[in-house]
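Engineer: Below are the chains, spelled out letter by letter.
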Amino acid sequence: MQIKHTETEGHGARSTTFFWHDPDKRSIVYQIGVTLLVGLLGYYLISNTLSNLERQSIATGFGFVEKESAFEIGESLISYSAADSYGRALVVGVLNTLIVSFIGIVLTLFLGTLLGVARLSTNWLVSRLAAVYIEVFQDIPILLQLFFWYAFFYEVLPSPRQALHPFAGIFLCNRGLIFGIPEYHSAFKIMGFAFVAGCGIIYFIRRWARERQNKTGEPFPVFTVSAGILFGLPLLIWLMAGAPSAMNVPVLKGFNFKGGVSITPEFAALLLGLVFYTAAFVAEVVRAGIQSVSRGQTEAAMAIGLKPGQVLSLVILPQALRVIIPPLTSQLLNLTKNSSLAVAIGYPDFVSVAGTTINQTGQAIEGVVLIMAVYLCFSLATSAFMNWYNKKIKLVER
Amino acid sequence: MKFVKLCIIVFAVVALAGVSMAGTLDDVKAKGFIQAGVNGDLFGFGKPDEKGVWRGLDVDTARAVAAAVFGDADKVKFTPLTAKTRFTALQSGEIDVLTRNCTQTLSRDTAQGLDFVQVNYYDGQGFLIPKKLGVKSAKELDGATVCVLPGTTTELNVADYFRTTGMKMNPVVIENTAELAKAFFAGRCDCLTSDASQLAGTRAVAPNPDEYIILPEIISKEPLAPAVRHGDNKWKDIVNYSVLAMINAEELGITSKNVDQMLQSKDPKIKRFLGVTPGNGKALGLDEKFAYNIIKQVGNYGEVFERNVGVNTPLGIARGLNALWTDGGLMYSPPFK
Chain A
-2 MQIKHTETEG HGARSTTFFW HDPDKRSIVY QIGVTLLVGL LGYYLISNTL
48 SNLERQSIAT GFGFVEKESA FEIGESLISY SAADSYGRAL VVGVLNTLIV
98 SFIGIVLTLF LGTLLGVARL STNWLVSRLA AVYIEVFQDI PILLQLFFWY
148 AFFYEVLPSP RQALHPFAGI FLCNRGLIFG IPEYHSAFKI MGFAFVAGCG
198 IIYFIRRWAR ERQNKTGEPF PVFTVSAGIL FGLPLLIWLM AGAPSAMNVP
248 VLKGFNFKGG VSITPEFAAL LLGLVFYTAA FVAEVVRAGI QSVSRGQTEA
298 AMAIGLKPGQ VLSLVILPQA LRVIIPPLTS QLLNLTKNSS LAVAIGYPDF
348 VSVAGTTINQ TGQAIEGVVL IMAVYLCFSL ATSAFMNWYN KKIKLVER
Chain B
275 MKFVKLCIIV FAVVALAGVS MAGTLDDVKA KGFIQAGVNG DLFGFGKPDE
325 KGVWRGLDVD TARAVAAAVF GDADKVKFTP LTAKTRFTAL QSGEIDVLTR
375 NCTQTLSRDT AQGLDFVQVN YYDGQGFLIP KKLGVKSAKE LDGATVCVLP
425 GTTTELNVAD YFRTTGMKMN PVVIENTAEL AKAFFAGRCD CLTSDASQLA
475 GTRAVAPNPD EYIILPEIIS KEPLAPAVRH GDNKWKDIVN YSVLAMINAE
525 ELGITSKNVD QMLQSKDPKI KRFLGVTPGN GKALGLDEKF AYNIIKQVGN
575 YGEVFERNVG VNTPLGIARG LNALWTDGGL MYSPPFK
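Protein chains in written order, with this note's numbering: chain A, -2 to 395; chain B, 275 to 611.
Because the hints were derived from the structure by calculation, they are not lab data.
Careful: at least some of the hints might be erroneous.
Claimed, not checked - Below 30 Å or equal to it, Euclidean Cα-Cα: the simulated DSSO-like pairs (lysine-lysine) are: (1) B/510 <-> A/255; (2) B/351 <-> A/304; (3) B/358 <-> A/64; (4) A/250 <-> B/351; (5) B/495 <-> B/358; (6) A/255 <-> B/410; (7) B/351 <-> A/255; (8) B/410 <-> A/250; (9) B/442 <-> A/64; (10) B/510 <-> B/351.
Unchecked claim - Calculated Cβ distances over 10 Å to all of chain B for the following chain A residues: (11) 20; (12) 50; (13) 70; (14) 91; (15) 152; (16) 252; (17) 390.
All figures in this text were calculated on a predicted structure; none of them were measured in a lab.
Cβ coordinates follow ideal geometry from the N, Cα and C atoms, glycine included.
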């Protein structure tokens, strides 16, 4: 561009190059053309859809979220009844999807890493068992696994009146696992603050410990101290408040238990299905990551006198994570997306609630747009976090 | 925002493919068969038998439309649909007629872009419950866990019923009818709620049908009617009068057995109905013998009812509201002239 300008100026005011001979300008014209074309196509499709919907007299717009939903939802993290709006019902669905995905991701990471390491174990039995697990759970479609777990819960467990009662305050039946929780006490709020404060203190202790180790080489037992602070502080507050121990215990009343907290078979089946299925893939990712670090690294680390735990955390993992994170991200995204299979086993996730909403209002396009937008947000948030983490642990090449 | 636009575009393509059609009758004639949406899992209404032949009241209704249009009741293909997918399938043009035990409601008839025709089964919602729970009335269901299909009027009715009676409920919502029934039989729910006809069908396939009772309360009106897309009046007339022809035939005493003799009848009503005196067929844009074909190949409403859901079937449902108006029921056909 720069050069061309000087060229034309060099020739004087008379310009002989037409704009279609200039590749830069030409490409701008092309881009405007394509944008216009796509825009026109989009306009045509949207206006056509709208006029078709109108011709069939199907309602449009997102006004329905304000209307009363008039249907009940099986489980909800926030208070909800049939008198609430569709909007609130959809929020209940989003929260249900989030909680199952979040707990699922945490458990999957744990189980998957464990299995991945076990697969590489020098113990023949352990590595074979891990291999069998991975092959079996990887190869069975997730939907079948969900049906299996769900049927397992409702076929094996007894009815509420014959509920299993292993410990005081805990009941296990085909309505779910119902257990007592501590009755609310004002000290709990302060305990929460203490926990958060503990996290802050630990952050500074870690920084101080690292600096000290860099200077003097003397290690500090960060883990033990952290655990002590995290649990010790709230415990101290609890004792100071006079150790409130009133419990909200479930009691069988009529058809079901009243009080306490229950984990439904639908939730448990969905969680188990997702975790066991995805963990098999995560295990393979972890194994591949660890194997990508050459054996010489381990030997070198051991040669300079690091303990086995330190070999893993200081030498192997930082290099393995680089390989593990990207495929791991896609597995975690899969877990979130697969949670939409919940509708098959009756867990009221977002897709299930949105599906009922679509059916009740007849506004399929708006409903599907909402479903896609929500899952896209989940996925983008997950991958944004994982990308940030990936960048953070990237090897610093010197 | 960009994403939302993209979604709308993607969807528009789908919507476009569905609705850019001239008229359903011409489309159906061009492809040579009728695509009907049915239940697929509901014994007595729409379900393939062990040989894979579709059977049921709704299936026969679709066959009647095929007989009227093509003179051949077998020129119909069936698409099994869930409660959630049925309206979208019709709206998008995937099917030509929806005969899937579907309740006519105001919002479906208007905002959802459907048009309902003559009701082919008058139903009402009830509760199926294991005898061993000792419940005698739906008023004792406070705190019960209720198995229910999603995306049905049932889901709404049951919530309404519990709200008006001031009781609490805990729904378990499973999309697939068979899976829902399995969960109910295994005791995941205290009761199953659905249209009474469906409850009879579910009980008929229970491991031990005698262990279940249907509670006496009927908590809703469920006029089950076939539906077509809104705005195609010609096609709506054809489907409507196909259903009415079966009812009218029963009123006139015409059955699949005696329809050939009835062609010789001197009764002007019967002569007009069977197309011996022409006029009705032309008005609908069909063959003059359309009603004859329906009755000959499918039967009158009474025959269809008794064959699929009547007292001699495993469902054992009495005519009740579905008897002719002359027998104290609601089935009534306008004159065919």
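Engineer: If a hint holds in the structure, say so; if it does not, say that too.
Structural biologist: Quick rundown of the hints versus the structure:
no.	hint	in the structure
1	B/510 <-> A/255	violated (52 Å)
2	B/351 <-> A/304	violated (71 Å)
3	B/358 <-> A/64	holds (20 Å)
4	A/250 <-> B/351	violated (50 Å)
5	B/495 <-> B/358	holds (20 Å)
6	A/255 <-> B/410	holds (23 Å)
7	B/351 <-> A/255	violated (50 Å)
8	B/410 <-> A/250	holds (18 Å)
9	B/442 <-> A/64	holds (22 Å)
10	B/510 <-> B/351	holds (19 Å)
11	20	holds (28 Å)
12	50	violated (7 Å)
13	70	violated (7 Å)
14	91	holds (17 Å)
15	152	violated (5 Å)
16	252	violated (5 Å)
17	390	holds (30 Å)
Comparing the model with each earlier hint shows violations of hints 1, 2, 4, 7, 12, 13, 15, 16; every other hint is respected.
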